[in-house]
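Taking the hints into account, I'd like the entire structure generated from these sequences.
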Amino acid sequence: MAPSTPSTPHGSGRAGSEGGSPAPTVAAPGSYALDDVIPGVKIFVRKPLPNGQDEQRKAEILSTRPKPKPSAFAPPPPPDAPPPDPRDDTEYYVHYVEFNKRLDEWVGGSRLIIEKEMEWPKPKEEDKKKKEKVGKATPGASTPTRMTGSPRPSGSLLKKAATKAASAVGKAQHPLSKGTPQGKVPQKRRGKDATSSIADDDEDGEEDDEVVDGDGDISMAGSDGDLDGDGEIDLSGPQNPQAAPKVFSKKQEIEKLRTSGSMTQSHSEVSRVKNLDKLQIGKHEVETWYFSPYPVEYAHLPVLYICEFCLLYYPSFTQLKRHRSKCTLLHPPGNEIYRYDDISFFEIDGRRQRTWCRNLCLISKCFLDHKTLYYDVDPFMYYCMTIKDEYGCHLIGYFSKEKESPEGYNVACILTLPQHQRKGYGRLLIEFSYELSKVEGKLGSPEKPLSDLGLLGYRAYWQEKIVELLLNSDDEISLEEIAQKTSITHGDIMHTCQALQMIKYYKGGHIIHLTDAVLEQHRKTMSKNRRSINPAALKWKPPVFSRAQLAFGF
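Residue 1 is where the sequence shown starts when you use full-length UniProt numbering, and the numbers rise one by one after that.
Derived from the structure by calculation, the hints contain no laboratory data. Worth double-checking, as some hints may not be accurate.
[Unchecked claim] Straight-line C-alpha distance at most 20 Å; calculated SDA-like pairs for lysine to any residue:
id, residue 1, residue 2
1, K403, A548
2, K442, E402
3, K42, K122
4, K58, P302
5, K442, G424
6, K278, S546
7, K388, R531
8, K442, S478
9, K528, R358
10, K423, I533
11, K42, R102
12, K541, K423
13, K504, P543
14, K438, K423
15, K67, A28
16, K116, Y93
17, K122, K47
18, K465, K403
19, K438, P543
20, K423, D342
21, K283, T318
22, K465, E440
23, K321, H284
24, K438, L320
25, K42, E115
26, K278, D342
27, K42, S31
28, K124, T25
29, K47, E115
30, K42, K58
31, K321, I337
32, K283, E115
33, K116, A28
[What the hints assert, rightly or not] Pairwise CB distance ranges, derived in the manner of DEER restraints:
id, residue 1, residue 2, range
34, R422, S110, 30 to 40 Å
35, P48, S405, 15 to 25 Å
36, E480, L49, 50 to 60 Å
Here the structure is a predicted model, which means the values were calculated and not measured. No residue lacks a Cβ here, since even glycine has one placed at the ideal position from N, Cα and C.
Have a look at this one:
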């Protein structure tokens with residue numbers, strides 16, 4: 001006789017209340033059917049690989065749905081296509097365990113491997129506490145129990161992290177700024193026996209080409225910052241401003257970034273299901289990473305077609321082609337403030353170009369896990385980077401900036417489109433944001449917290465600029481002078497030096513100690529042929545807004 005199949009993951013608590021054994025946590029092979037697979041269980045799934053083979057990966061089921069009907073705009077299946085498998089009538093949204101959240105996808109039931117064991121979801125802590133209270137209560141006596149409150153909303157965590165980061169950067173004074181005589185820091189001290197957190201990493205800063213971050217939700221701690229035990233990243237800085245933050249080796253940090261995905265503040269964000277599969281932007285077909293609030297009518301399309309100039313979206317290529325015959329826009333609808341070679345930057349006011357900026361935010365939400373606002377674009381200026389050819393200026397990436405930032409942030413959201421990543425454009429966006437800060441005469445920092453790729457990009461940029469300035473300086477240089485020459489805030493400079501283990505205590509003061517590993521990586525970075533911003537090509541004055549122009553929503 002076949003083993004019994006539990007009808008619910010936890011047995012609804014009956015076994016424990018009736019004195020029986022607790023419900024099993026793992027279902028043996030053959031003891032369950034496809035109908036028993038529910039959200040929360042972990043089961044093995046066949047994952048097709050680029051080489052044509054399949055790999056069996058353990059995955060968590062996040063959601064289920066009936067197989068959507070083909071859209072009227074979807075192309076018909078080829079005549080030699082195999083008949084549909086009845087197991088694919090139900091689709092499962094899976095998250096591969098120990099893999100990045102960007103790989104989450106919908107799969108048919110035929111890809112689930114029921115010949116292997118399946119792990120039931122663990123009972124919630126609240127359920128355990130209730131059961132303990134019931135077990136301790138006197139039999140026959142009614143004991144009133146207080147309902148456990150709902151968990152703290154994720155917004156409070158975001159606010160707390162941002163507030164803590166702002167206070168740590170704005171108010172903290174590190175011993176480096178006062179421990180040495182007259183605030184001066186000897187900048188060149190090399191030791192062959194010194195160690196560095198990046199000594200064994202052979203990627204030498206390539207990560208800075210992929211920069212992603214979200215409006216009002218950016219983080220910074222070397223940028224994916226310090227990671228806590230839940231796989232989340234806390235770049236808000238230490239509670240004690242004088243204390244050094246946790247520092248991971250670069251190899252350890254990249255491994256945590258690979259498995260944790262972008263920064264999220266609550267479990268509901270992690271479990272969110274993306275609604276689009278692919279975007280067609282110009283000649284590029286791009287797979288989406290996360291959920292984006294496009295209209296529900298477009299949710300189950302195989303491809304969503306987007307005009308690469310006005311960013312309007314269409315369900316079919318025919319509609320896009322008809323639109324392109326009428327669309328006259330050949331560049332972002334703003335003022336061109338920079339042009340050098342084939343790279344241009346356009347400045348766009350979110351209040352004047354609401355539709356275009358909202359469409360831009362809808363696209364960026366497909367690649368930013370924690371970007372939540374797309375309709376409230378009035379308080380932001382958008383700086384879009386394009387590359388020019390005979391057809392027009394094609395969007396590469398952008399960053400947004402608050403018109404009035406009390407914390408002094410020079411970037412609110414920054415994104416390089418995936419089809420243009422790994423080409424150095426992310427670093428170019430970061431460098432341009434600091435060039436604007438230099439024109440304004442202010443110190444700038446990205447809004448906290450940063451995403452995972454945003455962290456890697458900013459950390460590589462800060463390291464490059466700080467080391468380059470120290471090597472080119474013959475005299476002692478203070479922390480204040482480094483900040484004024486680079487427009488990087490004191491907090492970002494200190495975090496970068498601590499993350500690279502460059503801060504040393506020497507003869508009663510703190511110094512910046514350039515290790516051989518840091519110098520070797522800097523040499524490799526500078527040997528690459530990369531684009532950079534030409535300050536002479538920037539034609540821009542900081543915009544000035546009246547009180548009425550800053551009264552958004554009133």
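Each hint, compared with the structure:
1. K403 - A548: 13 Å, holds
2. K442 - E402: Holds - the C-alpha atoms of E402 and K442 are around 14 Å apart, at most 20 Å.
3. K42 - K122: 10 Å, holds
4. K58 - P302: Violated, at about 26 Å.
5. K442 - G424: Given pair K442, G424 is violated - Cα atoms ~25 Å apart, limit 20 Å.
6. K278 - S546: Since the Cα atoms of K278 and S546 sit roughly 42 Å apart, the hinted pair is violated (cutoff 20 Å).
7. K388 - R531: 15 Å, holds
8. K442 - S478: 18 Å, holds
9. K528 - R358: 36 Å, violated
10. K423 - I533: 15 Å, holds
11. K42 - R102: 18 Å, holds
12. K541 - K423: Violated, at about 29 Å.
13. K504 - P543: Not satisfied, since the Cα-Cα distance of roughly 42 Å exceeds 20 Å.
14. K438 - K423: 25 Å, violated
15. K67 - A28: Violated - the C-alpha atoms of A28 and K67 are around 27 Å apart, more than 20 Å.
16. K116 - Y93: Measuring from Cα to Cα gives roughly 19 Å; hence the hint holds.
17. K122 - K47: 25 Å, violated
18. K465 - K403: 26 Å, violated
19. K438 - P543: 14 Å, holds
20. K423 - D342: 14 Å, holds
21. K283 - T318: It holds: about 15 Å lies between the C-alpha atoms, which stays within 20 Å.
22. K465 - E440: 19 Å, holds
23. K321 - H284: 15 Å, holds
24. K438 - L320: Status violated; Cα separation ~41 Å.
25. K42 - E115: 13 Å, holds
26. K278 - D342: 28 Å, violated
27. K42 - S31: It holds: about 15 Å lies between the C-alpha atoms, which stays within 20 Å.
28. K124 - T25: 13 Å, holds
29. K47 - E115: Between K47 and E115 the Cα gap is close to 16 Å, so the pair holds against 20 Å.
30. K42 - K58: Satisfied, since the Cα-Cα distance of roughly 7 Å is no more than 20 Å.
31. K321 - I337: Not satisfied, since the Cα-Cα distance of roughly 31 Å exceeds 20 Å.
32. K283 - E115: Violated: K283 and E115 sit about 42 Å apart, past 20 Å.
33. K116 - A28: Cα-Cα ~7 Å, so holds.
34. R422 - S110: 30 to 40 Å: 34 Å, holds
35. P48 - S405: 15 to 25 Å: 46 Å, violated
36. E480 - L49: 50 to 60 Å: Hint holds: Cβ distance 53 Å, inside 50 to 60 Å.
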